[in-house]
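A.B. asks: Protein sequences appear in the order of chains A and B.
Note that the first sequence covers residues 1 to 264 in the UniProt record's numbering.
Note that the second sequence covers residues 1 to 339 in the UniProt record's numbering.
What the hints contain is simulated information worked out from the structure, not anything from laboratory work.
What you are looking at is a predicted structure, and each value in this text was computed from that prediction instead of being measured.
Using N, Cα and C, we set each Cβ at its ideal position, and we do this for glycine too.
Wrong hints could be hidden among the right ones.
What the hints assert, rightly or not - Derived list of chain B stretches under chain A, where covered just means 3 residues or more per stretch with a C-beta under 8 Å from a C-beta of chain A:
| # | stretch |
| --- | --- |
| 1 | 74–82 |
| 2 | 188–201 |
Claimed, not checked - Derived CB-CB ranges, DEER-like:
| # | chain 1 | residue 1 | chain 2 | residue 2 | range |
| --- | --- | --- | --- | --- | --- |
| 3 | B | L304 | A | K122 | 44 to 50 Å |
| 4 | A | A144 | B | V66 | 58 to 64 Å |
| 5 | A | A144 | B | K121 | 28 to 34 Å |
| 6 | A | I56 | B | L102 | 30 to 36 Å |
| 7 | A | L90 | B | P108 | 47 to 53 Å |
| 8 | B | V55 | A | Q143 | 42 to 48 Å |
| 9 | A | D125 | B | V66 | 39 to 45 Å |
As the list claims (entries may be wrong) - Capping the alpha-carbon separation at 20 Å, the derived lysine-lysine pairs in PhoX-like fashion look like this:
| # | chain 1 | residue 1 | chain 2 | residue 2 |
| --- | --- | --- | --- | --- |
| 10 | A | K81 | A | K64 |
| 11 | A | K122 | A | K111 |
| 12 | B | K174 | A | K121 |
| 13 | B | K303 | B | K288 |
| 14 | A | K81 | A | K197 |
| 15 | B | K303 | A | K145 |
| 16 | A | K77 | B | K81 |
| 17 | A | K122 | B | K315 |
| 18 | A | K111 | B | K174 |
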Amino acid sequence: MLQLDQIYKVFYEGTPDEKIALNQLQLQMNPGDFVTVIGSNGAGKSTLMNIISGNIFPDYGTVKINGSDMSSMPEHKRARKIGRVFQNPLAGTAPTMTIEENLALAYNRTKPRSLQFGVTKKRRDFFREQLEILHLGLEDRLQAKVGLLSGGERQALSLLMATFTKPDILLLDEHTAALDPARADLITKLTKEIVAKFQLTTLMVTHNMQQALDLGNCLIMMDKGQIIFQANETEKPDLTVEKLLAEFQRIRGEALLSDRSLLA
Amino acid sequence: MFTALFGSVEVGVIYAIMALGVYLSFRILDFPDLTVDGSFVTGGATAAVLIISGVNPFLATAGALVAGFLAGCVTGILHTKGKINALLSGILMMIALYSINLRIMDKPNVPLLAEETVITKISAWWQGLGFDSMMQSLLTSIGLSEYIPSTWGIFTVMFVLAFAIKKAVDLFLKTEIGLSLRAVGDNDGMVRSFSANTDWLKVLGLGIANALVAFSGALVAQYNGFSDVGMGIGMIIIGLASVIIGEAVIGNATIVRATLAVLIGAVLYRLIVTLALRAEFLETGDMKLITAVIVIFALVVPKLIEKQKAGARKKKRAAQLGSAGTNGGDQVAAARSDL
């Protein structure tokens, strides 16, 4: 489904700030895989997301989706195959537009936009049906401006907007990190349900190790632009937070301090 | 007095079309587009030159629309493909258009007085309807003979035209393309992640905005009976004034309401200017200054009022708490000691 081959990306090349963000990264995802990505700050997780979505381009290497090479395709074209939820709840929706207008925008992700009306009666019924999945009562507030929703509601809406058109790849970029624990749990639960319902191939970045263990069938740990540890379907169920930390220490010879503080 | 006010409403409706263009770029795309000062003249110049060379005035006005669209597209391309700052790309285009407009007209001023224009055609057609004489006898019969404008034709046709354009803009902004255009001004990273080409949407939006501006410029040139290379100076501020005054009076909760606000704002702006110019000490040359003052007022006064209201609320609350006795103070002290 998704295939990353020898991805190499360096920032500020040739200056004292030079930083290799991704170093010869290899990743292969099969249809239906739900891979969670953990790693400390600066490990290259966000760069990885941006390279897959086409927000930035690798210096070397290829990105393939469904076998076709997308390496030089701009973001808006790649978006036909990719759904994405951002960390910031404000980033995934248009605040001055209504809930149904936002859904209409998302609805057009897979097809070219024309001069027909974005919200029709038929589509409105469809949107209402989809919003019911969230159990937040948003289906009764179709005409409400998204700017009036709370952060949790907006993030739930973003998640729905990114998924209800069944993307080939779903990218979740620390999408619960900016929410309070209760809202984060809600979004985590919705993520689980929606990914299962639409059978989406998903790549999720998180700072929360417990979340990384709870969700998905595979787990990868990144450090300094490389994947340093990988757990597949058979290995992942046995993992615990302690095992992950010990694994990191064994590989790198240093403690994963920055993430330990996040476990509380 | 009445004739002057009627005249300003008439002009206001024509300028409202320009203001709708400014609304599109300024509010919908969130793009402060200074191209307007140049593209307004481009519209007037294109129409004037075409009319003089014998083209049907309606076709000539449509030509102005196309010229404005192209000018707006160039600004959009400078901004998106050339990665030039929004304000600067507008300014660059405005300056470039000054020379281009001179080239189009071949001289700083093209008179249209002896030509057949959209305005003269509308007047002639209207005269044939006999509506004016009817209004005249009606108004005279109720003793309002001194308030009779020479013709209702221009006002009526321009009003219908401006309203039709408003309606078209409303509908367009509800289409799939229109929705993505609105989202570009709102959150362009998000629209890109939903497979919209934000660069071309911006170019298209600026094109449409400047097409409306140039269309309005063509009508103004024909209304005034000349096209002048300086007629666009400060146009962006007039457009902004219309948008801001309209929003202050009507509000902008929905698109339908916001575009209506722009129409009414444009007429109100003209009325304010006409009334201001009646003051003894002000001259026609002070018009731009008056415009600037109006915009400053429209921007500052609502904030001052809001501040005043918030202050009044605060005082009221303080008074309420104060009258509840000295307990309030004790509680604060207690809370502090808890800490």
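A.B. asks: Each hint: holds or not?
C.D. replies: For each hint, the structure was consulted:
{"no.": "1", "hint": "74–82", "verdict": "violated (count 0)"}
{"no.": "2", "hint": "188–201", "verdict": "holds (count 10)"}
{"no.": "3", "hint": "B/L304 x A/K122: 44 to 50 Å", "verdict": "holds (48 Å)"}
{"no.": "4", "hint": "A/A144 x B/V66: 58 to 64 Å", "verdict": "violated (40 Å)"}
{"no.": "5", "hint": "A/A144 x B/K121: 28 to 34 Å", "verdict": "violated (48 Å)"}
{"no.": "6", "hint": "A/I56 x B/L102: 30 to 36 Å", "verdict": "violated (44 Å)"}
{"no.": "7", "hint": "A/L90 x B/P108: 47 to 53 Å", "verdict": "holds (49 Å)"}
{"no.": "8", "hint": "B/V55 x A/Q143: 42 to 48 Å", "verdict": "holds (47 Å)"}
{"no.": "9", "hint": "A/D125 x B/V66: 39 to 45 Å", "verdict": "holds (41 Å)"}
{"no.": "10", "hint": "A/K81 x A/K64", "verdict": "holds (11 Å)"}
{"no.": "11", "hint": "A/K122 x A/K111", "verdict": "holds (17 Å)"}
{"no.": "12", "hint": "B/K174 x A/K121", "verdict": "holds (13 Å)"}
{"no.": "13", "hint": "B/K303 x B/K288", "verdict": "violated (23 Å)"}
{"no.": "14", "hint": "A/K81 x A/K197", "verdict": "holds (18 Å)"}
{"no.": "15", "hint": "B/K303 x A/K145", "verdict": "violated (23 Å)"}
{"no.": "16", "hint": "A/K77 x B/K81", "verdict": "holds (17 Å)"}
{"no.": "17", "hint": "A/K122 x B/K315", "verdict": "violated (52 Å)"}
{"no.": "18", "hint": "A/K111 x B/K174", "verdict": "holds (17 Å)"}
Hints 1, 4, 5, 6, 13, 15, 17 from the list above are not met by this structure, while the remaining hints are.
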